[in-house]
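Peer 1: The sequence shown begins at 1 in the UniProt record's numbering and counts up by one.
I should point out that these hints are in silico values taken from the structure, not numbers from a laboratory. Among the hints, a few may not be true.
Stated by the list, open to error - For lysine to any residue, the following SDA-like pairs were computed, each having C-alpha atoms within a straight-line distance of at most 25 Å:
| no. | residue 1 | residue 2 |
| --- | --- | --- |
| 1 | K205 | E247 |
| 2 | K205 | I254 |
| 3 | K205 | Q114 |
| 4 | K180 | S89 |
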Amino acid sequence: MCRWAAYRGEPLFLEELVSSPAHSLIEQSHCATRAKTATNGDGFGIAWYGDRPEPGRYRDILPAWSDCNLRSIARQVRSPLFLAHVRASTGGGTRRDNCHPFVHGIWSFMHNGQIADFDHLRRPLETMLDNDLYNARTGSTDSELLFLLALQFGLERDPLGAMAEAIAFVERLAAHLERKVLVRMTAAFSDGDQLYAVRYATDFKAPTLYAAPMGETGGYCLVSEPLNDDTEAWVEIPDGSAVVLGENGVDMRIFSPAGRPASAMDAKIALVK
Numbered sequence: 001m002c003r004w005a006a007y008r009g010e011p012l013f014l015e016e017l018v019s020s021p022a023h024s025l026i027e028q029s030h031c032a033t034r035a036k037t038a039t040n041g042d043g044f045g046i047a048w049y050g051d052r053p054e055p056g057r058y059r060d061i062l063p064a065w066s067d068c069n070l071r072s073i074a075r076q077v078r079s080p081l082f083l084a085h086v087r088a089s090t091g092g093g094t095r096r097d098n099c100h101p102f103v104h105g106i107w108s109f110m111h112n113g114q115i116a117d118f119d120h121l122r123r124p125l126e127t128m129l130d131n132d133l134y135n136a137r138t139g140s141t142d143s144e145l146l147f148l149l150a151l152q153f154g155l156e157r158d159p160l161g162a163m164a165e166a167i168a169f170v171e172r173l174a175a176h177l178e179r180k181v182l183v184r185m186t187a188a189f190s191d192g193d194q195l196y197a198v199r200y201a202t203d204f205k206a207p208t209l210y211a212a213p214m215g216e217t218g219g220y221c222l223v224s225e226p227l228n229d230d231t232e233a234w235v236e237i238p239d240g241s242a243v244v245l246g247e248n249g250v251d252m253r254i255f256s257p258a259g260r261p262a263s264a265m266d267a268k269i270a271l272v273k
């Protein structure tokens, strides 16, 4: 499983998540503690927003711990909203096009998880994309395809609704083709204004996701696992939840695509203060 970290708030240097903390994302790339595999060495990437609408991006296939350019960039670049990812491949070759975050227009997206039996679902899923989005696909991962499907289903109009529809479509297609119906994921995505995150699994066994305040003026970070040992600072995001970081702080909502049965958790989730 991959590890990722995202931030929205007052401008911070990327190193505050990527390299400086005791359990930074670079540290997690070779010593993750809350994942099935401790090593996430199949590439890395960062996407950040600045003065232009489209995000900047840097990706490579090297392990994050061995790329000196990553530490240098993280020390020099400051941004109010950025995404960072270290990859442990569950499908798709180790190549730059398969490294997260993925970008399309103003949107950026990164993902931790997998779609079961993806090799059997990939071709029919790709046929759902219009020509522009199909031609935008450069890699071979389920992550990139899920991002493009969400764009197809209206990510720009209704980000969480489009992501839910994309996941539900994957589950319905798997059932129709009599394949294993299973999606497990956490994902973060942004239009440069708001930062969205989702924790979800068909079988209620989603990868971990945590949130904590960061900075001095109401900033927040979202991470696959805590960046330090301050246990009181980190709140675990429940399975079946979506998080929106915006001007009004943190808003946590139910996230339940049509393919997953309702649970006792599907009651209103209070705002995280």
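Peer 1: Sort out which numbered hints this structure fails and list those numbers smallest first.
Peer 2: The structure conflicts with hint 1 only, although it agrees with all the remaining ones.
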